[in-house]
Amino acid sequence: MTNPATILENSPSFIGNLRSRLKKRTLLFRYLAEINLILGAWYLQWRIGHSINFNALWLAIPLLAAEIYSYLGGVMFTIGLWRPLERQVRSFDQLSPPIHRENWALVDVFITCYNEPVDLVEQTTRAALAMDYPVTKLRVYVLDDGNSPEMRAMTQQLGLEDLKSPLLQAEVKRIKAERSQLVEQLDQLKQMMPEAEAAEQFVQSIPEASQPSEKFLKTFHHLLQHGSNHTSITAQLSAEQRKLETTIHQKELELTDLVRCRYIARPKPAGKPHHAKAGNINYAIFSGETTGEFILTLDADHIPRRQFLKRILPYFYTYNLAKGRYESNQIAFVQTPQNFYNLPPHDPFGHRANLFYGPIQQGKDGLNSAFYTGTNAVLRREALVSVGLKYFSAAFAKDETRLDEFDLIGGMSSSSITEDMNTAMRLHGAGWKSIYHNELLAEGLAPDDLSSTLKQRLRWAQGTIQVLLQENPWKKPGLTFWQRLQYFQTMYSYFSGFATFILIVCPILYFFTGVIPVNAYGSDFALHFFPAFVINRLTFTAATWGIQASEVWRSEQYAIALFPLFIQAVWSVFTKRPIKFQVTPKQRQSGIYLRLVLPQLIIFGLTLLGIAWSLLRFAMGSLPDPWVHLLNSAWAIYNLSLLWAVIRAAVWQPKEVA
Amino acid sequence: MVKIIQPAGILDSINGNILRREVIDAVEAGTKTILIDCQAVELVDSSGLGVLVMSLKKVRDVGGRLVLCSINDQLRMLLELTDMDSVFEIFADQEAFSATSTS
Chain A
489 MTNPATILEN SPSFIGNLRS RLKKRTLLFR YLAEINLILG AWYLQWRIGH SINFNALWLA
549 IPLLAAEIYS YLGGVMFTIG LWRPLERQVR SFDQLSPPIH RENWALVDVF ITCYNEPVDL
609 VEQTTRAALA MDYPVTKLRV YVLDDGNSPE MRAMTQQLGL EDLKSPLLQA EVKRIKAERS
669 QLVEQLDQLK QMMPEAEAAE QFVQSIPEAS QPSEKFLKTF HHLLQHGSNH TSITAQLSAE
729 QRKLETTIHQ KELELTDLVR CRYIARPKPA GKPHHAKAGN INYAIFSGET TGEFILTLDA
789 DHIPRRQFLK RILPYFYTYN LAKGRYESNQ IAFVQTPQNF YNLPPHDPFG HRANLFYGPI
849 QQGKDGLNSA FYTGTNAVLR REALVSVGLK YFSAAFAKDE TRLDEFDLIG GMSSSSITED
909 MNTAMRLHGA GWKSIYHNEL LAEGLAPDDL SSTLKQRLRW AQGTIQVLLQ ENPWKKPGLT
969 FWQRLQYFQT MYSYFSGFAT FILIVCPILY FFTGVIPVNA YGSDFALHFF PAFVINRLTF
1029 TAATWGIQAS EVWRSEQYAI ALFPLFIQAV WSVFTKRPIK FQVTPKQRQS GIYLRLVLPQ
1089 LIIFGLTLLG IAWSLLRFAM GSLPDPWVHL LNSAWAIYNL SLLWAVIRAA VWQPKEVA
Chain B
23 MVKIIQPAGI LDSINGNILR REVIDAVEAG TKTILIDCQA VELVDSSGLG VLVMSLKKVR
83 DVGGRLVLCS INDQLRMLLE LTDMDSVFEI FADQEAFSAT STS
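Respectively, the protein sequence lines represent chains A and B.
The opening residue of the first sequence carries number 489 in our numbering; numbering runs sequentially from there.
The opening residue of the second sequence carries number 23 in our numbering; numbering runs sequentially from there.
FYI, nobody ran anything at the bench for these hints, they're computed from the structure.
Even for Gly, the Cβ is constructed at its ideal location relative to N, Cα and C.
Interface residues of chain B toward chain A, partial, derived using beta-carbon atoms under 10 Å:
#1 36
#2 38
#3 71
#4 72
#5 73
#6 75
#7 83
#8 100
#9 108
Okay, derived cross-link-like pairs now, DSS-like style, lysine-lysine, Cα gap no bigger than 30 Å in a straight line:
#10 A:921 <-> A:964
#11 A:921 <-> A:963
#12 A:756 <-> A:886
#13 A:756 <-> B:80
#14 A:921 <-> A:512
#15 A:878 <-> B:79
#16 B:54 <-> A:756
#17 B:54 <-> A:760
#18 A:878 <-> B:54
#19 A:661 <-> A:678
#20 A:760 <-> B:80
#21 A:661 <-> A:739
#22 A:886 <-> B:54
#23 B:25 <-> A:731
#24 A:963 <-> A:878
#25 B:25 <-> A:878
#26 A:678 <-> A:664
#27 A:878 <-> A:1064
#28 A:811 <-> A:625
#29 A:652 <-> A:664
#30 A:886 <-> B:80
#31 A:756 <-> A:943
#32 B:80 <-> A:878
#33 A:760 <-> A:886
#34 A:664 <-> A:625
#35 B:79 <-> A:760
#36 A:886 <-> B:79
#37 B:80 <-> B:25
#38 B:25 <-> B:79
#39 A:760 <-> A:878
#40 A:664 <-> A:731
Chain A extracted, bound-state conformation:
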């Protein structure tokens, strides 16, 4: 587990409510990273200037391009990790000065689902209702894009069950008591009406006040009218009556509002774009049924912990000393980590993401460009809607018929299949800020078969490249240089498939044809390559301190082994093939998936054959340059160990429970 943001619920150790500091060991990392970049540059200039094999330019140039690509990627990756922040926060109920519970903001929880099993969503919904937050300030919405009667029934059932809980019943009692008091007042008022009317008529009927008592009555009547803008006491009373009736009505509304678990399913007319998850969320925002100031988005399977909201809401407020009260600040969203409770031992599919939900997100946070990942995050409605409206009006200016789908596109970005990343970039571009809070507050399910895993990764890759083409961060107004670099780095990293392919193919080509892209594999190569390589491993170790080495290795394996998928993603986006938003399945799709990793299998097989071929020739004494072969074999074995992960995953089967 990553180091969670330290919990300071009762700690008097610091003044104020929030604190952030540079992550530990950052200086060591910076020191190593600088040396690494310098040595890498030195290696590259040697490659460009002294080691290109001009007899095999067709291979030498692509290899050099792949190396330059990797180096630039490394530079950007290093910058991304340069300023990782560790944040500390007081819980919302421990703030000093405190915010009275009555004034806590209304929070909507959006649980987005699409054909997931009902009991899975029920578990999430129950946990959301059980979050530690005033019951009148929390509403949980199941946004069912599958529009299933079972889901609706489950939501209603839970709503009733929730209403029976002691906390809710206490609220019911309180509101009912307030209401009956008001009704009593109203009754008294109604009884007074005829008497007051008669009395007023009597006073007015007195022609000219002669008696002292009559004079007194007139003066008294005047006095009563004085200070109100009503012409008569009767009018005053009926105004009072109307006011009471409205308040009573309000109390009745409050009672109906106590049903905290609600269901929204949008109509999905055939032949019209539905805008996938973004459309689902936007519909809920504009349907008029949701009014929360903050929105917690949860995927159907992500079970929130009790303290979720209490830990996150403090970020959205700043204490104004001059005015002596809390004010809304410019934070648009706070992202928290994602982790999974169904991972098999050794995580064959590489889902554990402590590298991303750790140094990478903390580094992004330091550059005010935390990544919104669509779940486990709280958003400020005002930010989402105001930025959404701006993009809507731009779309409207081009095509007025888009008004028809305003409720599906007016908030969260719907123009990409990775709506989360695109939305965050738009928010950052509009000057809103973001936070990454490194404390695990919700856990979900990871796909546990290769097919679903690959679908999910393909969507991420396609969506990210799609955003690059549609809203290039370098051209997007409003972003800072560092934010542009951060977004660009993510997009850039998805082009790695091509570089990986070249790096993997080179040794194979050498084994079978003897073609070599580098003209010096001797001591000169060793002198330039190995220092850079060793220091690179050290830098990486420093950056990933605290994360299990096996997990880091698994991430590296997947970054390389998925190269056919990354190539496919780039290809599909650039050739403008239609891309569909596919919901990642939450249930295991059983089977063996060697078909899905065919390119990796072919490369794997060829590499093995190549090494065998070299060994054979060596045994027969006909191998020229055995050292170069050895070097290439080492390179090839490294490649094999990277590719192995995905081949292993293709045949992986869960252990039978005895």
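Could you slot chain B onto chain A? The hints should help.
Coordinates of chain B only, in the frame set by chain A:
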């Protein structure tokens, strides 16, 4: 027939819903032109603005027309910041609107 709606106070997601209901009622009653007079509106947040766009959508769906008038500086600024001033027809006040519709 022009239906005039005069919301008051703060137009946020809560008060916005009341406004939206009024618009829907008017549309269902067959009104084709709706004028929202913002004279008494103190403040509009983006959710309130979202409600206005939803109302516009509702009215346009039946081939009707929805216009705003008497907007204050805050709303004007919000409309400009979100580029929404190009989406809505806006008049200075009720007289300005009736002058155009009668001529």
